[in-house]
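*Asks:* Based on the provided sequences and hints, a complete structural model is requested.
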Amino acid sequence: MRNPANRGRARAVVVAALGAVALLSCLEPTAGQVDLPGLDVPVEKPIAFPAGKKLEFPVHADRYEHSGGNHVRIEVTLLRGGAPVGVMACNGFELEGGAGCGTSATHLSSACAMTVPAGGSDAIRAVARLANGNNTASFEGLSVYIRD
Numbered sequence: 001m002r003n004p005a006n007r008g009r010a011r012a013v014v015v016a017a018l019g020a021v022a023l024l025s026c027l028e029p030t031a032g033q034v035d036l037p038g039l040d041v042p043v044e045k046p047i048a049f050p051a052g053k054k055l056e057f058p059v060h061a062d063r064y065e066h067s068g069g070n071h072v073r074i075e076v077t078l079l080r081g082g083a084p085v086g087v088m089a090c091n092g093f094e095l096e097g098g099a100g101c102g103t104s105a106t107h108l109s110s111a112c113a114m115t116v117p118a119g120g121s122d123a124i125r126a127v128a129r130l131a132n133g134n135n136t137a138s139f140e141g142l143s144v145y146i147r148d
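The opening residue of the sequence shown carries number 1 in this note's numbering; numbering runs sequentially from there.
All the pointers check out, no bait thrown in.
What follows is a set of in silico ranges between Cβ atoms, one per label pair, in the way DEER data are often shown:
# : residue 1 : residue 2 : range
1 : GLY119    : LYS45     : 14 to 24 angstroms
2 : GLY102    : PRO37     : 12 to 22 angstroms
3 : GLY68     : GLY32     : 24 to 34 angstroms
4 : ASP122    : GLY98     : 38 to 48 angstroms
5 : ASP40     : ASP148    : 18 to 28 angstroms
6 : GLY120    : GLY98     : 42 to 52 angstroms
Treat the hints as calculated values from the structure; they're not laboratory data.
Note that CB positions come from ideal geometry on N, CA and C, so glycine has one too.
*Replies:* This is the structure we're talking about:
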């Protein structure tokens, strides 16, 4: 027979795990993602969005290291026929002061959002840059997720 205290602990662990999975799924891409080979390298991807669609852009890194506080600045350009039709830039990923590292981090800033303009778009261009070029950071598996 199981001890009631053990059942309670097991239940708490299951609830905590389910909560963590639910929170992470809130940041997963729902409309696509743009994988970036590194900082300062723009990448275009053909993904169409209708006019009026609200988009959010969480930033994900599989692994990162940094020295000094910084923000990973995300610049997203919506394109139609190769021409820009909408631009959004935000500080999407905060690297706190000092030196540090991390794995599998996804961040969503409320400023990292835009509405697709009239006429829609047929492609997206994304690039990540450091807001403070005096400090350093390196990334593996850097992506801009697209959520609608």
